Amino acid sequence: MATVRERGQLVLIAGLALAISLVAIALVLNSAIYTHNLASRYDSPGDGVVRSNHDVRESAGANVRYVNEEFAADGYDDIRSNYTDGIPDIEAAVAEDAAIHGRLLRVSHVDGSNVEGVRIVDDEPGGSNFTSRTNESNWTVVKDAQVRGFVIRADADASETRSLTEGTVLSGALGSDAFTVGFDDTGDGSDNWRVAIYENGSSGEINATVKNIDSGDTWTCNTDGPEVDVDFSRGRIGSESCAPLLFVEELSKPYDISFNNSDQISGSYRMVADGVVDGPDVTTGAFTDRVDAANYGAHCGNVSEGPKQTFYNASANASEYPRVTPALYEVAVDTTYDSDSVTYEGRHRIAPGETGESPQTPVIRLFDVTDSSAGDGNFTVDWNVTDPNGDSLTVDIIAEDDTGSSTSVNAAGATGTDELFELNPGDGPYTFNITATDGTNSREAVQIHDDDGDKDGCPA
Amino acid sequence: MIFERVDDRGVSTVVGFVLTLGITSLLVIGLLVGTSGFVDGQRQGTIRDEMEVLGQQIAADIAAADRLVRAGGDTVTIERPLPNDVTGLSYRITIDGGQPVNIILATSNPDISVEVTVRTVTDVPGTTTLNGGDVEVVYDESDDELVVRNG
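Those protein sequence lines, which keep their order, are chains A and B. Numbered according to numbering that gives the first Met the number 0, the first sequence spans residues 0 to 459. Numbered according to numbering that gives the first Met the number 0, the second sequence spans residues 0 to 150.
Keep in mind the hints are simulated off the structure, nothing from the lab. It cannot be assumed that every hint is accurate.
[What the hints assert, rightly or not] Part of the chain A face toward chain B, derived, beta carbon under 10 Å:
no.	residue
1	V10
2	A13
3	A16
4	L21
5	V27
6	L28
7	A31
8	Y33
9	L37
10	G45
11	V48
12	D333
13	V341
14	Y343
15	R346
16	R348
All values reported here derive from a predicted model rather than from experimental measurement. We treat Cβ as the ideally placed atom computed from N, Cα and C, and that holds for glycine.
All chains should be modelled from the sequences, with the hints used to inform the complete structure.
Take a look at the structure:
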């Protein structure tokens, strides 16, 4: 009997040991299952924030485009207030989507983040050629600035749109009558590009040939017409990608934009530049002064031929094109996002269609030369300059008469009022030059005036 | 009958008992040794796998925080609930900053170590050792760096 009990104990011990081993295996197996469970979970905690931020940026960008188009006739203040009025609607739309997924999202406008700009547009109903307001076909569209959201719509069906083949354009170095956009570096002049836009033969396709003037390299993109958007911001021609157009991202800023053979294209164009116009119904301002000076040699028109119209129309209500209107260049919004695992607060700069880095060059918001009485050589100057990235500014103003004798105010602050310049009576016309610099970047504007006690004519 | 008598004479009760006990013991010992070795091997493999998954989750959080900072985030916190132990064993998490960021998870007895790397644009400073458990990745705006700490 004793022998039988010993045998039984051995089997019992063996069974117990095996049971423990099986439990251990079960535990290990459980951990392995848990591990695979962890590994196979959808796991990207930042996705919701990235998606919400994208929605906010797109919506705010659309809001900027909308107010720039719809409220330009009312001036900067109304554009700004209509933009901020739209922010709660954006928040309501994107926050609802976030709430469905159990996340909290808040969107708010950043006070003081608005940067004023100038919208340049020629979107005449039915399309038109791209000549200036004075019917010049070769003219400077933007002088010493940078632009965002630059889109040209070309219509291959219109008889104006030049019909050429790629080889014709290339052999003529883009000078073969095709409509050409020029981008010229205003710094050291080593970064210059041309883009010719034309119909490819009579196929109805639109070609865009990009040429780097300095290296001589050329690239051509094309797409089916008849109406095609050439988008310099996104590097697209119609629905096709056109990477050569993205040279604008690397372009040295600020730059000049010119149109050549602008009677050889039909369609529309639009862009927003980092400048300011004086108001919704006037073409005056440092931005248009520079454009007119580039085209005429003087901000007020052609000095030898007398005053002309500016190259832009002002009124957003009038059906005259091209025109300049007040616009928002950029704004900023704050977003706050809370979910079970992610807390996020961020600020987003909204400048739809901007290519490359944000503006760094000082903006001359006001440069006003007043001649209150005739024949005394006295002028007063008001100015206001801002820097887009908040650098401290230095302003120099030089007033020079026709004999070369000058008087100046140097190292002035960003704002000045009724600064008196006493010049020699009878030695006009008088040239006033303002240069604003932040130490790295500078921008200037020039006005020519007569000592006649008013602002009419040219010199003004 | 003759053969039965021969059997009884050749194999005594004692010899039969010893043989039975011996063979049974050998079988049981073999089974136990084999099973325990198998269980131990599986356990180590599971610990390694689990720590690798946890390391990748921390790496995903660091990469996500980096992405959110680059997307304009001033305040970024990502919390990650992690188990306090792996297969019944406590573990340590060491974040070794620099480029790339090394995330090392290790246990003692048995000594198992797993390393996961991730590249970030925002700096992750120095070397930090955390206990196994909940972890959070926080953006320190004043120093412009990502800090990993126990949540």
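Hint check: is the beta carbon of L37/A less than 10 Å from a beta carbon of chain B? holds, 5 Å
Mind checking the CB of V341/A against every CB in chain B and telling me if the closest is under 10 Å? Constraint on V341/A satisfied, holds at 5 Å.
Under 10 Å is the threshold here; is the Cβ of R346/A close enough to any Cβ of chain B for the hint to stand? holds, 6 Å
Holds or violated: is the Cβ of A16/A closer than 10 Å to a Cβ in chain B? Holds - the Cβ of A16/A comes within 10 Å of chain B, reaching about 5 Å at its closest.
Any CB of chain B closer than 10 Å to the CB of V48/A? holds, 6 Å
Minimum beta-carbon distance criterion (10 Å), L21/A to chain B: holds, 8 Å
Proposed interface contact between V27/A and chain B, which counts if any beta carbon pair is under 10 Å: For V27/A, the interface hint holds, since the closest Cβ of chain B sits about 5 Å away, which is under 10 Å.
Per the CB criterion, is A13/A less than 10 Å away from chain B? Hint holds; A13/A Cβ to chain B Cβ min 4 Å, cut 10 Å.
When the least beta-carbon distance from L28/A to chain B is tested against 10 Å, hint result: Status holds, d = 8 Å.
Does R348/A hold up as a contact with chain B if the rule is Cβ-Cβ below 10 Å? With a closest approach of 8 Å, the R348/A hint holds.
Is the interface hint satisfied for A31/A? The criterion is a beta-carbon contact with chain B at less than 10 Å. Status holds, d = 5 Å.
Quick one, is the Y343/A hint okay against chain B at 10 Å, beta carbons? holds, 5 Å
Going down the numbered hints, you'll see the structure goes against none, and every one checks out.
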